[in-house]
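FYI, the numbering for the sequence shown is 18 to 181, going by our numbering.
There's no promise every hint is true.
Simulated pairs of lysine-lysine, DSBU-like, Cα-Cα distance not exceeding 35 Å [stated by the list, open to error]:
no. : residue 1 : residue 2
1   : K101      : K42
2   : K25       : K122
3   : K108      : K64
4   : K42       : K141
5   : K131      : K141
6   : K122      : K22
7   : K22       : K108
8   : K38       : K131
9   : K42       : K131
10  : K101      : K156
11  : K22       : K51
12  : K122      : K144
13  : K22       : K144
14  : K22       : K131
15  : K38       : K25
16  : K38       : K122
17  : K51       : K122
18  : K38       : K108
19  : K64       : K25
20  : K144      : K64
21  : K131      : K156
Per label pair, the in silico range of CB-to-CB distance [claimed, not checked]:
no. : residue 1 : residue 2 : range
22  : L146      : E69       : 21 to 29 Å
23  : K51       : S89       : 16 to 24 Å
24  : N68       : S32       : 28 to 36 Å
25  : K144      : N94       : 25 to 33 Å
26  : G132      : E44       : 15 to 23 Å
Treat the hints as calculated values from the structure; they're not laboratory data. Idealized CB from N, CA, C, for every residue including glycine.
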Amino acid sequence: ICFLKGTKITLSDGSQKCIDKLTLKDEILTYNIKELSELKNKESISKYESNELIGEFSNSRIRNIWINPTDSYLVINNVLRITKHHLIHFKRNNTYYFNYSENLKIGDELLNIKGEYERVQSIKEVKELTNVYNFELLKDQTYFAENYLVHHYCKLCSGYSNII
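Let the hints inform the model, and build the full structure from the sequences given.
Here you go:
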């Protein structure tokens, strides 16, 4: 339940590293969001909705890295390969959300590494048995995958995972 091998994660120095090559020594670029970064309950985070997004770029070390099997994933804007049950940040009709990627719609907007919102142009589901990767951060709980802001939580994160 997460991201496919090769997904580029932005490090605190602005460089990128494939998710499957990360180590506990890496420092990740995060985005500290007021009223969200301290939440630990997946249900509360998946229902996050706000009329404004107050946050700032930050950084964090990695606490855990794991791998899970999946039988399908989404490809968003032909670049982000993410499982349907992973939390992602998006804006819809000037409202800010964190919700599962399966709830994204064409026209929603994703926050990118430049602090700007990009329209979702395409969403494609791929049915394929493959392994996916994710990691937990020491703080902030959000990071940039393929330049889009995501949360490290998903519905089943660490439930059936193999910690690397």
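Hints and how they fare:
With a C-alpha separation of about 28 Å, the suggested pairing of K101 with K42 holds against the 35 Å cut-off. Distance restraint check for K25 and K122: the Cα-Cα separation of roughly 23 Å lies within the 35 Å cut-off, and the hinted pair is therefore satisfied. Distance hint between K108 and K64 is fulfilled; the C-alpha atoms sit about 13 Å from each other, no more than 35 Å. Taking the CA atoms of K42 and K141, the gap is about 34 Å. The hint holds against a cut of 35 Å.
Using a Cα cut-off of 35 Å, the hinted pair K131 and K141 holds, with the two alpha carbons roughly 25 Å apart. A hinted pair counts as satisfied when its Cα atoms are at most 35 Å apart, and K122 with K22 qualifies at roughly 24 Å. Between K22 and K108 the alpha-carbon distance is near 27 Å, which keeps this suggested pair within the 35 Å criterion. For the proposed pair K38 and K131, the alpha carbon gap of about 24 Å is at most 35 Å, so the pair holds.
For the proposed pair K42 and K131, the alpha carbon gap of about 25 Å is at most 35 Å, so the pair holds. As the CA atoms of K101 and K156 are separated by approximately 24 Å, the hinted pair is consistent with the 35 Å bound. Between K22 and K51 the CA atoms are separated by roughly 31 Å; this keeps the pair inside 35 Å, and the hint holds. Taken as a hint, the K122 and K144 pair is honoured in the structure, with Cα atoms around 19 Å apart against an allowance of 35 Å.
Among the hinted pairs, K22 with K144 is consistent with the structure: their alpha-carbon atoms are about 16 Å apart, no more than 35 Å. For the given pair, K22 sits about 24 Å from K131 by alpha-carbon distance, which is consistent with the 35 Å threshold. For the suggested pair K38 and K25, the alpha carbons sit about 10 Å apart, so the restraint of at most 35 Å is met. The suggested pairing of K38 with K122 holds, with an alpha-carbon distance near 31 Å, which does not exceed 35 Å.
Only pairs whose Cα atoms come within 35 Å are accepted, and K51 paired with K122 is accepted, the gap being roughly 25 Å. A threshold of 35 Å between alpha carbons decides the hint, and for K38 with K108 the separation of about 30 Å falls inside it, so the pair holds. Restraint check: the Cα-Cα separation between K64 and K25 comes to about 27 Å, which is no more than 35 Å; the hinted pair holds. Simply put, K144 and K64 have alpha-carbon atoms about 27 Å apart, close enough for the 35 Å limit, and the pair holds.
For the given pair, K131 sits about 21 Å from K156 by alpha-carbon distance, which is consistent with the 35 Å threshold. Separation of L146 from E69 is about 41 Å and departs from the stated range, judged on CB atoms against 21 to 29 Å. The hint said 16 to 24 Å for the Cβ distance between K51 and S89, and at roughly 34 Å that hint is violated. For the pair N68 and S32, the supplied restraint of 28 to 36 Å holds, since their beta-carbon distance comes to about 34 Å.
Between K144 and N94 the beta carbon distance is about 19 Å. The supplied range of 25 to 33 Å is therefore violated. Separation of G132 from E44 is about 19 Å and conforms to the stated range, judged on CB atoms against 15 to 23 Å.
Taken one by one, the earlier hints fail for this structure at numbers 22, 23, 25, listed in ascending order.
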